Amino acid sequence: MGLPLQPEEKLEGRVAAAMVALGVGVLALGLITPLGMGLIRWGLLSQAMVRPLLTALAFGGWLSTWAVLARRWCGRQFPARPVVLWMALLVAVGLLLGSPIWVWFVGRGPLP
Amino acid sequence: MSWAAVHGVVLGLPLLLLTALCVTYVGKTGEGRPWLARRAAARRWLWLVLVGLAWIVPWSGLLLTYTALPRWLLGSGEWKTLALPWMASWGLMVPMFISTCAYLMRHARQRLLGGLWSRRALWGLMWIALGTVLLAGLLGSLTAQGVFYR
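Here the protein sequences come in this chain order: A and B.
All the letters of the first sequence, read from the start, carry residue numbers 1 to 112 under my numbering.
All the letters of the second sequence, read from the start, carry residue numbers 1 to 150 under my numbering.
For reference, chain B alone in the conformation it holds in the complex (with noise of 0.2 Å):
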C-alpha cells in the first residue's frame, strides 16, 4: 500500500467516521444526544480526539501530497487538475470547521448556547464539516490511485 493509502485508512477513515457520529450527536436540534450526553468521558474523549484528528489528517495530506505525488518529485510542481487545490482548499477547512463546532459544543453544554439560531449554526456547521470531510477523503482516495495526475 502507498502512504497516501496508509494515511487515509488509518487517519482519514477515524476522522470520517467520528464526524458522522458527531453530527448524529449534535442532531437536528443542535442538542446532544441522549445516548451520549450521559457518558461525559466518552464524549469529551470523543470531541477531543476528532479535533487531533481533524488538525493531523489535513495538514499531513497536504505534506502527503507535496512530498508523495510524482508531478512534485519530479520538479514541475504543478498541479495538473482542478481537483487537487479543491482538496486543498477544503480540507484544510476541516480544522476550522472541527474546532469551531468542539468550542460551540462547549458552549452549548454550559448552556450558554441554547437559542433556535445558535443551535441552527451548530448544525449546519457540523454538517458542512462532514460534506467537506467526505468530499476531501474521496478526491484523496482518488489522488492515492493516481487518477489526477498519471
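So that you can see chain A by itself, here it is in the shape it has in the complex (with noise of 0.2 Å):
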C-alpha cells in the first residue's frame, strides 16, 4: 500500500505574479552597476546619468512586469514550487550582480 499523494500547492495568478516580477525587478536593478560600467567605458551615457536612468528603467520594468503579469494571470493557478525557485533564482542572481563581488573577477572600470 503506498503513501497518499499530497496535493500539489498551487499559486494563485497575482501572486505569481507578483513574486516573478519582484525577480525581474531585483536582476534588473543588480545589473545596474555592471550594464552601468559597460554603458560608461563606451562613452555611451555619461557617468552622473547612468545611475539615475538605469534605476528610473529598473522599477518601470518591475511595475510593468507586475501590472502585465497580473493582468494576464489573473483567475489562474500555477504550481507554487517552480515559482518561488525561479524567483529565489532571479533574486540571488540580483543581488550577486548587485554586490561588488563580481567586479573582483571580471576588473574594475568607471563606476556608475
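Possibly wrong hints are sitting among the right ones.
[Unchecked claim] To give a feel for the contact side, a few chain A residues facing chain B, derived at Cβ under 10 Å:
#1 V15
#2 T33
#3 M37
#4 S64
#5 M87
#6 A88
#7 L95
[Stated by the list, open to error] Examples of chain B residues toward chain A, derived with CB under 7 Å:
#8 P85
#9 Y103
#10 A121
By construction, these hints were calculated from the structure, which means they are not laboratory data.
Please read all numbers here as calculations on a predicted model, not as lab measurements.
We put the beta carbon where it would ideally sit given N, CA and C, even for glycine.
Reconstruct the complex from the two isolated chains, following the hints.
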C-alpha cells in the first residue's frame, strides 16, 4: 500500500505575478552596476546619468512586469514550487550582480 | 549633524526597526504572530508605514548621495569605492522586497497564501529585506561619516 499523494501546492495568478516580477526587478537593479560600467566605458552615457536612468528603467520594468503578469495571470493557478524557485534564482543573481563580488573577477572600470 | 546623519536617524532607523518587527511578525512559518494578529488596526498601520518608509528612505538617500557628497558637488561625479554602487543597488531593492512582502502578507491574511512554499517565500523575502536594509544602513552611515570619499 503506497503513501497517499500530497496535492501539489498552487499559487493564485496574482501572487505568482508578484513573485516573478520581484525577481525581474531585483535582477534589473543588480544589472545596473555591470551594465552601467559598460555604458560608461563605451561612451554611450555620461557617468552622472547612468545610475538615475537605469534605476528608473529597473523600477519601470518591475512595476510594468507586475501589472502585465497580474492582468494576464488573474484567475489562473500555478504550481508554487517552480514559481518560488524561479523567484529565488532571479533574486540571488540580482543580489550577486549588485554586490561588488563580480568586480574582483572581471576588473574595475568607471563606476556608475 | 549633517543631512545624511539626520536622514539615517529620522528615516533609516525607523525603517530598520519596523522591518525587524515585521520579520518577527511573519515568523518562521510565514504566519502572523498572535500578539499582532489580534490587533488589526495596528497591523494595518505597521505595514502601511513600513511600505511608505521603504519607498521614501532609499530614494531620498540616493538624492542625498547625489546632492550632498563632495565628489558630486565638485563635479567629478565619480564614485571612488565599490561600496557606494553596492549601497545604491541593494538599497533600492528594499522597496521592491517590502512592497511584495506587504502584498503577499495581505494574501496570507485572506487565506489565499497558505502552502509551505509560499510561506517559505514570504519568510525568506522578509529576511532578505532586513538584510538589505541593514547593509544599506551600514554603508549609508559610513558614507555620512565621509569614510568612502575622504
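Hints, verified against the model:
no., hint, in the structure
1, V15, "5 Å, holds"
2, T33, "5 Å, holds"
3, M37, "9 Å, holds"
4, S64, "13 Å, violated"
5, M87, "7 Å, holds"
6, A88, "7 Å, holds"
7, L95, "7 Å, holds"
8, P85, "5 Å, holds"
9, Y103, "5 Å, holds"
10, A121, "5 Å, holds"
Hint 4 from the earlier list is the only one contradicted by this structure; the remaining hints agree with it.
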